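Asker: Fit the two chains together into the complex; they arrive one by one in their own frames, and the hints show the way.
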Amino acid sequence: MKRRIFNIVPVFTLLLLCGCLSFDGANPYAKSTHTLSVKPQYPDEFPSELKGKTTLKISNRNQDISYTCAADENGCFNMDLPSGSYRLSLSYRYDGKTLGGMTDKVIIGSEDVSAGLALNISLSGEIVFKEIYSGGCTKYPEKGNYQFDAYVIVHNNTDEVQYLDSLCFAASDPYRSIATNVWEDERDYIPAIQAVWQIGGDGRTFPLKPGEDAVIVVLGAIDHKAKYPESVNLNNSSYFVCYNNSFFDNPKYHPAPGDQIRQDHILNVVIKVGEASAYAISIQSPALFIFKTPKGLTIQDYILQEGTVIQKPGSAKDRIVKVPNKWVLDGVEVFEKNGNNKKRLSSEIDASAVVFSGPFQGHSLFRKTDESASEMMGFEVLQDTNNSSEDMYEREKQSLNE
Amino acid sequence: MHNLAVYAEEALTIPVGRTKVELSAGLRMENIFVSGTEYKNVNSLSPRLNAKWTLSDVVSIRGGWGVSEKLPSFYILYPVQQYHDIQTFSFSHGESASYVYYTQPYKTLYNENLVWQKNYNSEFAVDLDFEMVSLSITAFYNKTKAPYTYRTLYSPFSYNIMSIPSDFTVPSNPEISVDSQSGIVYMRGDGQEFWTPMATKVTDKSFFASKLPSNGADIHRGGVEVIADFPEISLINTKFRFDASYSYTQYVDTTLTQFYRTGWSHTSLPNRSYQYVGIYAGTDGNSIFNGKQKHSLNANLTSITHIPQARIIITCRLEMSLFERFRNLSTYKGREYAYNVSAEGTASTGGSIYDGNSYTAIRPVQYMDENGAVHDFTDVEAADPQFANLILKSGNAYTFAQDGYGAYFSANLSVTKEIGDSVSLSFFANNFTNSRMSVTSLANGVSAVFTPAFYYGLTCRIKF
Numbered sequence: 001m002k003r004r005i006f007n008i009v010p011v012f013t014l015l016l017l018c019g020c021l022s023f024d025g026a027n028p029y030a031k032s033t034h035t036l037s038v039k040p041q042y043p044d045e046f047p048s049e050l051k052g053k054t055t056l057k058i059s060n061r062n063q064d065i066s067y068t069c070a071a072d073e074n075g076c077f078n079m080d081l082p083s084g085s086y087r088l089s090l091s092y093r094y095d096g097k098t099l100g101g102m103t104d105k106v107i108i109g110s111e112d113v114s115a116g117l118a119l120n121i122s123l124s125g126e127i128v129f130k131e132i133y134s135g136g137c138t139k140y141p142e143k144g145n146y147q148f149d150a151y152v153i154v155h156n157n158t159d160e161v162q163y164l165d166s167l168c169f170a171a172s173d174p175y176r177s178i179a180t181n182v183w184e185d186e187r188d189y190i191p192a193i194q195a196v197w198q199i200g201g202d203g204r205t206f207p208l209k210p211g212e213d214a215v216i217v218v219l220g221a222i223d224h225k226a227k228y229p230e231s232v233n234l235n236n237s238s239y240f241v242c243y244n245n246s247f248f249d250n251p252k253y254h255p256a257p258g259d260q261i262r263q264d265h266i267l268n269v270v271i272k273v274g275e276a277s278a279y280a281i282s283i284q285s286p287a288l289f290i291f292k293t294p295k296g297l298t299i300q301d302y303i304l305q306e307g308t309v310i311q312k313p314g315s316a317k318d319r320i321v322k323v324p325n326k327w328v329l330d331g332v333e334v335f336e337k338n339g340n341n342k343k344r345l346s347s348e349i350d351a352s353a354v355v356f357s358g359p360f361q362g363h364s365l366f367r368k369t370d371e372s373a374s375e376m377m378g379f380e381v382l383q384d385t386n387n388s389s390e391d392m393y394e395r396e397k398q399s400l401n402e
Numbered sequence: 001m002h003n004l005a006v007y008a009e010e011a012l013t014i015p016v017g018r019t020k021v022e023l024s025a026g027l028r029m030e031n032i033f034v035s036g037t038e039y040k041n042v043n044s045l046s047p048r049l050n051a052k053w054t055l056s057d058v059v060s061i062r063g064g065w066g067v068s069e070k071l072p073s074f075y076i077l078y079p080v081q082q083y084h085d086i087q088t089f090s091f092s093h094g095e096s097a098s099y100v101y102y103t104q105p106y107k108t109l110y111n112e113n114l115v116w117q118k119n120y121n122s123e124f125a126v127d128l129d130f131e132m133v134s135l136s137i138t139a140f141y142n143k144t145k146a147p148y149t150y151r152t153l154y155s156p157f158s159y160n161i162m163s164i165p166s167d168f169t170v171p172s173n174p175e176i177s178v179d180s181q182s183g184i185v186y187m188r189g190d191g192q193e194f195w196t197p198m199a200t201k202v203t204d205k206s207f208f209a210s211k212l213p214s215n216g217a218d219i220h221r222g223g224v225e226v227i228a229d230f231p232e233i234s235l236i237n238t239k240f241r242f243d244a245s246y247s248y249t250q251y252v253d254t255t256l257t258q259f260y261r262t263g264w265s266h267t268s269l270p271n272r273s274y275q276y277v278g279i280y281a282g283t284d285g286n287s288i289f290n291g292k293q294k295h296s297l298n299a300n301l302t303s304i305t306h307i308p309q310a311r312i313i314i315t316c317r318l319e320m321s322l323f324e325r326f327r328n329l330s331t332y333k334g335r336e337y338a339y340n341v342s343a344e345g346t347a348s349t350g351g352s353i354y355d356g357n358s359y360t361a362i363r364p365v366q367y368m369d370e371n372g373a374v375h376d377f378t379d380v381e382a383a384d385p386q387f388a389n390l391i392l393k394s395g396n397a398y399t400f401a402q403d404g405y406g407a408y409f410s411a412n413l414s415v416t417k418e419i420g421d422s423v424s425l426s427f428f429a430n431n432f433t434n435s436r437m438s439v440t441s442l443a444n445g446v447s448a449v450f451t452p453a454f455y456y457g458l459t460c461r462i463k464f
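Protein sequences appear in the order of chains S and P. According to the working numbering, the first sequence holds residues 1 to 402 in order. According to the working numbering, the second sequence holds residues 1 to 464 in order.
Isolated chain P, as found in the complex (with noise of 0.2 Å):
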């Protein structure tokens, strides 16, 4: 496998009037040449816009857009070989065991649809400068279109586990033959004895798992930061600076998603595996939301002294996060997916599930039997005990519930000594008050503490 990169950027002027126009574009190509996968055109283009229209010394605007294009992994490219083991037949003879496994090689698909993941950039920002302060604000827009993620697909297979007849002992030095398309196993005592075949104890029938790459749904981030710089007070050689953010969060994905809980039982044969896959929408079975949504609001105030004569810096930084709301999310086909239950039953019991004080469950969308045939999951379905494993059921109340935490702060120091051209000595201590604000989850009213406890510490810099 080989990479090939080539990136061009130009940069312009313009004079508009009084004013200037600052120009910048930008385009990245990046091929992997790669013999043996089923990959064609793994290459990738993503340019890039910058523009900054100086309208004055005091006001500016500028605003940027870009793609940046993501090639699959190593591991999509060329998958790699794996094997999955089923014990079918086990015996003792003498004070040694053996074992015979049916084998599945198996690798990771290959998806003809996948497409590569993208991420669009945009922004736009007002930059002052007033009266020795300098304030930017700058909102911006952010999207992964068709994030890569794995899938996993479910196919029937049959398999027989065998048995020791009843009338039949084990040798003592026995020779056993497998048939590689059946999986019957023979066994005889030595090489002049015929070949005595296993019983079948069953044909089992269960699902293969497969991983498939895959694109996600898109995921949007937008927000708005504030950065203001303001002049150096004189009197204590110290400049402050003020920053703060607030950005939002969502996706949701409603793509069909088939799960099989391995290692289930039937719910009527005996010595069989669970007789369907459930087919969920935007879930892999363990979880029941399907998106998420988050805002947050984090500020900082950072102070900055320069002692010229002393060669020292001394950086004070106070970190506060003001507000954090989340909150799970389950939507198909414009309506709430989930469905409020009660801490027994999987019966709906009505409500919105975002009023978040109800256990929840979901229904799959379809359901695969062993044939492999996808049927819809209807209500008949949903009241016959042999689908009940199909439904699943949130853990807890608040699942959907508004979560989020309020406020806390931690202060962090740090101070600098330069010496000589090529040493310098900083020491930092974080969260130097030891803030450790305890704050409270607004789903279950559990507490946490997310700062860390005051520490110390020393960093020497040689510069040679």
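Looking at chain S on its own, in the form it has when it is part of the complex (with noise of 0.2 Å):
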């Protein structure tokens, strides 16, 4: 037996040396990774001796690590990368005007890969979200979780007033990004589901100063911290809410809003597409968005016109109602940590999605302030390149829960 180990650890090393003898003078991850060439496809509309100066993020799905990479002089991105799942992302501002795009799961195995890379051109918004928070959280000191606190926080983030009246809110089909998506990637419209929310007033009646908040509470305008500390109280005379229990009536997602609400922060029912009796948006990856129709067109008016409200293909029962993209005003793509995730809003509204880690963390996502124009501006401006993956972070706690 010893004389068989003795043979055994001569051969071993001799080996071991070869292996360290063809390193010598090569790169040591020459076999491990592979080059990604990406040739994006830039609006015509964009200036060509801008598309050298842009640079692509290259994220890996299933790591915490990102790279940058630099454009060529044609605006084309080559870049060696180990083996594994990535999301492209770019976002490039120039003119007050953002160029952006979006592609996931591009993955990388044995061999080189090609990529391309839809971009589209968008203006930034007049009326943002400021902070999503549907995820829920704990129901500390008691055991289990909680989700029926959801809000959105809008911010005014221009140098004049806003107004909120006839703000329409909605949320995308399908619900979940890593849910089947129906839709084609790049659309003229967003498939609202469920249900079209809007604000009140006669058009003066909810201004927004420049800089200023407004909370629109989708579930439970009510104190729910004062039962679960880890939740947030709604119960505010100046939130707007998402109430109507002539459609929506179930009382666990949507109670009795609280003594402090006013009737008129009560949003109205647009449209029902939906046969459900709450209004719920996904606790992990929602695409919301906030919209206004253009100036001698109501929302009310626009749904009564012939195929705007159409049925989802593929299904017998739902409906959807088609809102122009350019109508939106912002909207914001959630996707899934580690999930496989679909786009649902078009790269002109939301070039990227914000990665949320899950729910019933009372965590939510949080646009990030542009500290520079904020102190430029006197108000806070809070970063808007149609990029959520840039302008949006996951945030430890909800900010209402402060």
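A portion of the hints provided could be inaccurate.
[Said to hold, decoys possible] BS3-like mimics (lysine-lysine), calculated; alpha carbons at most 25 Å apart, straight line:
#1 K145(P) <-> K294(P)
#2 K211(P) <-> K317(S)
#3 K317(S) <-> K292(P)
#4 K205(P) <-> K317(S)
Everything labelled a hint here was simulated from the structure, so no lab data went into it. Remember, predicted model here, so these are calculated numbers, not experimental data.
Answerer: Structure representation (structure tokens):
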């Protein structure tokens, strides 16, 4: 037995030395990386001289690793990457506009990969989402989880007074980013699911000063925090509330609004196209948006036009409202961490997506502040590049919990 | 409720020359003695007649006819009281919330035209015995006449949804009162204050659903069965049996059926429910077809090996689904009821729905408005967006395509060993070849495996 061991040891040593010798003078990663070539489709109106100034963000979908790659003079990107599943996003601001686009699940395996990237140009929104909280929290000190306390905060990001009157709020189909998505990647509309909500007013009733916020309670305009300290108090006279017991009468999701809620702050249901008794949004990955119809057309008149409310392909029951992209003031695409996500909002609304780590943590998605712009303008200006992976981050606690 | 059933049967044999005719007849009568139900004469009569004419040792023919009548279920005879709640008012006070509901009691409706479901069965067979081979060929026809079903009827109703008046502050310890007729909610702080009526946010008009026991369209089934028993091959102590059957089923139901999409909003008035009920030919809104057609051909080959010395019986059975075709149907007044549409719209694009390559839709035959008046649904309504919700569209382009699957097989084995006079052990292995044939739907190209994965087991029987 001992003799056998003595025979094996020199052989292993020789093999090891041969292996070491083979690295000499070579790239030690040469066999484990492959080249990703990305050729974006720039819109015609994008100035050609700027193509070489863009950068591409390459994120490993399964690890918290991301790379940035500068464009060559033609606006294309080449980078050597280890095997993995990647998300590509590009966002570039110029002349008050944003060039952006995203593609998900680019797989690099055993050979070089070429990928395209559709890009769109968009304008920054006047009213933007500042925060989205739909993920719920724990029932601490009780056991279990709680998910009936959702809200969003919208923010006037301009130096002029904006009016919330007639502002509409909706969610895109499908509810979750990992659900079957029957819609084409790039559309000129968003398929609004379940219902469209609208703030009332006569056009000048609900002003929002520059840098000012407005809370829209989606679920439960009551003081949740009184019972569950990790939740929030949504019973506040300044808050707007999605509440309509004609259509959504499930008191668990839609309890009677608290005593502080003003009747004129309760949003109207413009149209309900689903049959559920609760207006639920995804706790993992909602795609929410706000919009206003153009002057001279009300949303009520719009939905009476032929072809504006259509049946969802593949479904014999579900219908959606087609909301034109050009009406959208802001939309945020949320992806699930490690999920097989698919974009719901087109890149002209949100060039990428903000990744949410998971529900029931009391976490929210929050927009970054543009510090230099805020200092210059004298009010809080939020970062709005129409690229939520850049603009938003996951907050450890809902802002209204503090 | 008491149930009494009487059954009588008689059999006789009549010699006819060198042949003989065997006749048997039976009659079953059942009566449910029931009080408190609106249904009268809850009784049934089920006759049957069988005849066999033995022409020779080789040939005999036989036929049978029977009717079995099925009485309605207990749920139809004794409808259960049920309640439907609609939230009409809600408010918070302190840390509490209160809700007011409009409660509608309802029961399954009485249908004076309900008839008892009957199954008509008839068959004709030829039995042949020659060269130790036994062959039986049977043709059968079965009709389920007026099968029981439930239909939903809608009737318009209205109710008030209340809200807190803008100039009213909810007292910390409120008392409320609800007018049972108008639904108006009143609130006050304590017994000394005047009642304050809450504001009527909207008077909603909707439709109340009631279930009506009813009779569906007749279901027809027919087919042929062949059974062949072969003599035992003594060398291997084994005999074989082959049996095959072809069957055909079809029904089309064109009964006008109401459908209302509860939960949808009015097309123009805020906070109001959708304003129309659609009335369709034979569909309740969950599908756009009103009939089905199916053909299938199945066959089995069985070998039975008997080893008397070891007291073992080995049965091996090859089960074959040779052919299966089915299709959804849509017919009304002798014409195709559904029509082809594009993926985006609901306007007719022409052609036959049975080409199976287009999205399809149905229009209601009639519609009911908020006052309960029923109108014909015409091209004018079809072009009006407020009626667009009533046009039901298929979720795919193959709803009426010819569907079906190719052949698939599985083989089962059973070995039974008798031990003594009172114990037997059986080992079975189903699909022992683990045949997991993937068959593809003709309509949508989706593949499926219908045979179960190989599994086996042991059964022990003990007789006392």
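Asker: Is the hinted pair K211(P) and K317(S) satisfied, with a Cα-Cα distance of at most 25 Å?
Answerer: With Cα atoms ~21 Å apart, K211(P) and K317(S) stay inside 25 Å; holds.
Asker: Regarding the pair K145(P) and K294(P), is the alpha-carbon distance no greater than 25 Å?
Answerer: 18 Å, holds
Asker: Taking only the CA atoms, is the gap from K317(S) to K292(P) under or equal to 25 Å?
Answerer: Measuring from Cα to Cα gives roughly 21 Å; hence the hint holds.
Asker: Holds or violated: K205(P) and K317(S), Cα atoms, limit 25 Å.
Answerer: With a Cα-Cα distance of about 22 Å, the restraint between K205(P) and K317(S) holds, given a limit of 25 Å.
Checked against the numbered hints given earlier, this structure breaks none of them.
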